[in-house]
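Q: Take any residue in the sequence shown, count from 1 to its spot, add 163: that is its number in the working numbering.
These are computed hints drawn from the structure, not numbers from a lab. Computed from a predicted model, the values in this text were never measured in an experiment. Cβ coordinates follow ideal geometry from the N, Cα and C atoms, glycine included. Mixed in with the good hints, there may be bad ones.
[Said to hold, decoys possible] Estimated spans, in silico, between C-beta atoms of each pair:
no., residue 1, residue 2, range
1, Arg-356, Val-318, 33 to 43 Å
2, Val-187, Asp-216, 20 to 30 Å
3, Ala-265, Ala-169, 27 to 37 Å
4, Leu-209, Glu-272, 29 to 39 Å
5, His-184, Pro-279, 16 to 26 Å
6, Pro-332, Gln-217, 39 to 49 Å
7, Leu-294, Arg-340, 14 to 24 Å
8, Ala-355, Pro-190, 22 to 32 Å
9, Trp-352, Asn-319, 12 to 22 Å
10, Gly-189, Gln-249, 21 to 31 Å
11, Val-221, Asp-339, 41 to 51 Å
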Amino acid sequence: MFSIGARYSTVVRTVNDVASHCGVDGPSIPMASSQGPDPLPLDSFLNWFDSGDQLALVARNRQRTSTRGGILKAEAAIRYAEVLRQAGVVTLGDAQLLLADADRLQSVEDELKSVPGEGHSAVRRGYLWMLVGADNLIKPDRMVLRWLERQGHSVNAQEARTLLATIAPAVSAKVDRPVTPWEIDHAIWQDARR
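Starting from the given sequences, assemble the full structure and let the hints guide the process.
A: Here it is, written out as structure tokens:
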């Protein structure tokens with residue numbers, strides 16, 4: 164929620180502030196690490212934060228989902244958490260199971276679409292699923308789109324998704340191992356941040 168249109172350092176500070184407030188020492192783990200128990204299930208998160216204003220205060224982040232009439236990103240995060248909890252998704256493991264159930268996922272997605280700040284291309288929602296573990300998705304935000312444009316590909320968000328999904332098999336063949344669109348997205352981010 165907080166990373167769209169924000170500097171990476173701001174997102175890291177926000178995540179660390181919220182985690183520290185909730186007593187979570189390690190808010191993130193390397194992708195290669197095995198998944199342990201969820202350190203902050205949504206039930207606990209929503210017990211800590213019952214409003215966007217309360218979360219924004221702890222996160223020291225009053226950014227909005229849009230410059231024109233957007234709600235606080237913290238409010239959008241609370242609303243996402245409420246939708247997920249209502250659907251019985253309270254842990255990372257629950258969210259990963261949701262990704263494997265197309266009908267249930269569609270129902271949750273329909274609810275998440277109603278949260279202000281969705282945008283035209285559902286970048287925020289797609290990024291949520293990426294973070295949950297959907298390796299076939301990318302986050303075609305401004306940074307990715309600008310990087311692609313510098314490479315001679317002026318595309319919109321949906322075209323970026325298609326482009327990276329299309330080139331993943333070719334990259335896989337070149338490096339002789341499976342490469343996901345998510346990995347290409349991550350490599351673009353690493354290069355663009357230099």
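Q: None of the hints should be skipped; say for each whether it holds.
A: Against the structure, the hints:
1. Between Arg-356 and Val-318, the C-beta spacing of about 20 Å breaks the proposed range 33 to 43 Å.
2. Our hint of 20 to 30 Å for Val-187 and Asp-216 holds, since their Cβ atoms are close to 21 Å apart.
3. Distance hint for Ala-265 and Ala-169: a CB-CB separation of about 31 Å, consistent with the stated range 27 to 37 Å.
4. Between Leu-209 and Glu-272 the beta carbons are some 20 Å apart, a value that contradicts the proposed interval 29 to 39 Å.
5. For the pair His-184 and Pro-279, the supplied restraint of 16 to 26 Å holds, since their beta-carbon distance comes to about 25 Å.
6. Our hint of 39 to 49 Å for Pro-332 and Gln-217 holds, since their Cβ atoms are close to 46 Å apart.
7. A C-beta distance of roughly 23 Å is found between Leu-294 and Arg-340, which places it inside the suggested range of 14 to 24 Å.
8. Checked against the given bound of 22 to 32 Å, the beta carbons of Ala-355 and Pro-190, roughly 23 Å apart, stay inside it.
9. Checking the proposed 12 to 22 Å range against Trp-352 and Asn-319 shows it holds: the Cβ atoms sit about 18 Å from each other.
10. As the Cβ distance of Gly-189 to Gln-249 is approximately 28 Å, the hint placing it in 21 to 31 Å holds.
11. Between Val-221 and Asp-339 the CB atoms are about 46 Å apart, so this pair conforms to the stated range of 41 to 51 Å.
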